[in-house]
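Enquirer: Each chain is listed here by its residues.
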Amino acid sequence: MGTLSILIWLPILGGLLVLAIGRTSAGKPSSDGAGLRADRLLALVVSVLSFLLSLPLWTDFNAATADMQFVERMSWIRAFNVEYYLGVDGFSMPLVMLTTFLTPIVLLAGWDSVRVRTAEYFAAFLILEGLMIGVFAAVDALLFYVFWEAMLIPMFIIIGVWGGERRIYATVKFFLYTFLGSVFMLIALIYLYLKSGSYSILVFHQLPLSQAEQTLIFLAFLAAFAVKVPMWPVHTWLPDAHVEAPTGGSVILAAVLLKMGGYGFIRFSLPIAPDASGHLSALMIFLSLVAVVYIGFVALVQQDMKKLIAYSSIAHMGFVTLGLFIAWPILARTGSTSGVAMGLSGAMLQMISHGFISGALFLCVGVLYDRMHSRKIADYGGVVNTMPRFAALMVFFALANAGLPGTSGFVGEFMVILASFKAGFWYAFLASITLILGAAYTLWLVKRVVFGAVANTAVASLVDISAREMLILVLVAGGVLWLGLWPAPIADVMSASVDHLATQIMQSKIQAGL
Amino acid sequence: MNYSLMDLSAQLPEIVLASGICVLLIVDLFVRDSARDLSYLLAIFLLAGVAWVLIGIGPDSTAHFASGGSYVSDGLARVLKLFAVTAVATVFLYSRPWLRSRKLHLGEYYVLGLFGLLGIMVLASGYSLLVSYIGLEILSLSLYAMVAFDRDSSRSAEAAMKYFVLGAIASGTLLYGMSLVYGITGTLQIGELQTAIAAQADVVGLRVGLGFMVAGIAFKFGAVPFHMWVPDVYEGAPTPVTLYVGTAPKLGALALAVRILSEGSAGLASFWEPMLAALAVLSLILGNVAAIAQTNIRRMLAYSTISHVGFILLGLMAGSPGGIQAALFYTIVYVIMAAGAFGFLVMLGSQGQEVNDLDDLRGLWQRSPWFTLMMVLLMFSMAGVPPLAGFYAKWWVLSALLNAGYLGLAIVGVLTSVIGAFYYLRIIRLMLFDNGGTVSTVGIPLDLKLVLSVNALLLLGIGLFPDRLLDLCAYAAALI
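Chains as they are written, first to last, in this note's numbering: chain A, 16 to 529; chain B, 2 to 481.
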């Protein structure tokens, strides 16, 4: 068994074990949380072990090649030439690392605050972790689809069981939206299989396709990935899901699940249908800019902290899609690929960075919610007076979200804006608006929640964060700083893959087809 | 017609079964009510014997004909029979505690169930219109009697009456179509029909006859607009009978459709394929939309069945061999899912907690976490979410459709699946997210719990390793 298989199956089997232990140690769910230590401890051990086992992916990674590494390949469904085919390249490896890094943090975040069905809670997150890694590591398209859809099951349960008041509405909406988008992707994948005789994504990359085929396939993929990113106007499930999900669910949703949309564009849409991507790039850029500008304004008026961060996520993910599709205007204008690669790496860095920052912000809201049981901005004010250590960290993450240089939030956005400049002034101008808007809604949030005089007695009696909460926030803060001050290692890791993708998208697949 | 000993080998499973049923019928006369388990054990023993005979034939890749070419034992027949026997045995396992708790534990249930199985097996092997019709009638008459089995229940009687009247009309329709086809082609044998139909494809009477036959087949499947009996029968019949009606007979209906349409009328495919497509699309849309509006779980599952039938018909219309394989795979997976879902209701019912309203399942996780998990697996499988078997069934049908160039139908298929997901999610939601309710699995015998767990986990097993079942279906349809 290779590293990737272990990373997929260890958390899944560990999750099942946690479930089994939870059953035997407490026949029925208890409300005090005591006596259930064995299961959550096991869950933490499994997730930390997964992270440690994923470190070789980073240390042994060969950054000089765009080929798949740590490959595992064996036949799975012979009749359809479907393979159990795993591998990572410069795009997927950082996302796998992000997943393994964040899962222990998410488990720690729910350590005390989850009081009902604790074993199931920790088990669901572990199983989810395995499936998410499967999505990033699958090189076979059907295997990818199986992981992609299977992931909905634990997420559906996480929001539905441990969510807020309107959790059922939110989770059904989440499930159906994603399901609806995905089924079109399935049709596209089957079509590509019938055309190529294989489900290998790498074979799909080589497959010549006519313009009409590419357009339809691109749109089918768009249905799946645009929902996941989410792009305006199919974003409406996200605020609901985020608001109702438990803290851990929001973190995973924002930090990893949304990345799958961007990853899907990189892995499928761009290389499989490069001509259609170019053809429709204007539409994609338009949708991205709407997300950046319009959703930024929407975020400004939110009364609910989680909702505000959810809209902020949509706006920031708009940068990802912008960075991916700005390639064609650049090519049209300058004919050089240097800006293309910058846009692509900017998009990738933005995804990783957003994983840290949005995750951290949801963790911060979780910290407050655990104490006050309110997400309303109006219920807060002057938190800094009672929770100084927490306030410092929250302000730090807010500044990162606003794109302060020195934090990871700056790097990705700056690269995408630079790339946009090569495409044209107005692209860059509109994209830059986010720096103002992002600063506005984030800092205003901080001002209303953290600063000012103590708003009410509830805030006055707040207790500062515990060592556990401190640990998880500091860990994420470390990631944000590392990526912001010294992004070179991660940029190096993905550079070969980025260059490869840049050449892929410039090669027309129509010529060879007809 | 000349008979030979070879006939016996091709028909051996049916001969064993028929003789066994007669023995059971006589033995049952002398068994007291308190010892009725003897009939049950005898029935299970008989099924094991039939399965042993079937497996003994082995993975023979040639077709053996009997009765002058009117009876065939080929891959399709063998696979269908094996799964039908397993399905009926599973149904019996589920049913016994329920029947005992209702003081309905009579030998007739097993005898009728076994006769129904005999009908399914004849359907699977029938290679002549007449033999198929006889098989269908053996099955149908057993089903009518089974639905009316609880004679003190007026609802059962009403359902049986409806089923019988509509079923008789459908049988008549089918027979009328067969007589027209026979009148024009001069043959009943499927193999000869194939060449005769291909030669006279433009004769109008032939098309009329085929149209009647398609209507009859659609009724037996329960496809829209011949679906009216399905919700009423599923709701009105005693729960174990609903379990029976919802599982094994679908294999028989598939055999009927494959033999008559895919094999016999291949030359007129351009005529019946659009009809199947229309039936399928209507079933998918009406089944899934109507299921949303149901508050009774059995009616909901009935409409869900109708939508699954739509998918099976889509596979059939996509044509050979991929489409037929896909339809076969879908039917087998569906039978496993339906056995689990109805078996779950039977299991709860055996403790006197008849589940009628969806709301009865509310908060089940609090009392029976393990079986909530099993039911969640079943529902996600029905919704077609990987990695459960239901997904691969849909995937294969979609592949066959796209391979045959029916993009539009594939899109209808996936869109209606998304609609369908809604009501399966509702059951999961009620069981898993809500609190309250009283239904529980406490006190249910271990064997029943074991069967249900195996049944549900099988879907996960097929989902993780779909290769074996896919290969089996490919083998079954290889000769068509």
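Don't take every hint at face value.
Stated by the list, open to error - So, partial list: chain A residues that the calculated Cβ filter (under 8 angstroms) puts toward chain B:
no.	residue
1	I92
2	R93
3	A94
4	E164
5	A165
6	L167
7	V176
8	L191
9	I202
10	L315
11	W441
12	F444
13	I448
It should be emphasised that the hints constitute simulated quantities derived from the structure, not laboratory data. Bear in mind the structure is a predicted one, so any value in this text is a computation, not a measurement. Glycine included, C-beta positions come from ideal geometry on N, C-alpha and C.
Enquirer: Are A:E164 and chain B close enough, Cβ to Cβ, to be under 8 angstroms, as the hint says?
Expert: OK, holds: A:E164 within 8 angstroms of chain B, min 5 angstroms.
Enquirer: Does the closest beta carbon of chain B sit nearer than 8 angstroms to the beta carbon of A:L315?
Expert: violated (33 angstroms)
Enquirer: With 8 angstroms as the cut and Cβ atoms as the points, is A:I448 at the interface with chain B?
Expert: violated (36 angstroms)
Enquirer: Holds or violated: the hint that A:L191 contacts chain B, with Cβ atoms closer than 8 angstroms.
Expert: Holds - the Cβ of A:L191 comes within 8 angstroms of chain B, reaching about 6 angstroms at its closest.
Enquirer: Once the shortest beta carbon distance from A:A165 to chain B is found, is it less than 8 angstroms?
Expert: Holds, about 5 angstroms.
Enquirer: Let's test the interface hint: is any C-beta of chain B closer than 8 angstroms to that of A:I92?
Expert: A:I92 check passes; min Cβ-Cβ to chain B is 5 angstroms, inside 8 angstroms.
Enquirer: How about A:L167: closest beta carbon in chain B under 8 angstroms, or not?
Expert: Holds - the Cβ of A:L167 comes within 8 angstroms of chain B, reaching about 7 angstroms at its closest.
Enquirer: Verify the interface restraint on A:F444: the C-beta must sit less than 8 angstroms from at least one C-beta of chain B.
Expert: violated (40 angstroms)
Enquirer: Against chain B, is A:V176 within 8 angstroms by beta-carbon distance?
Expert: holds (6 angstroms)
Enquirer: Tell me if A:I202 is really an interface residue toward chain B, meaning its C-beta lies closer than 8 angstroms to one of theirs.
Expert: holds (6 angstroms)
Enquirer: Verify the interface restraint on A:A94: the C-beta must sit less than 8 angstroms from at least one C-beta of chain B.
Expert: holds (5 angstroms)
Enquirer: Would you settle whether the hint for A:W441 is holds or violated, based on the nearest Cβ-Cβ distance to chain B being less than 8 angstroms?
Expert: Violated: closest Cβ of chain B sits about 38 angstroms from A:W441, beyond 8 angstroms.
In this structure, the earlier hints numbered 10, 11, 12 and 13 are contradicted, and the remaining ones agree with it.
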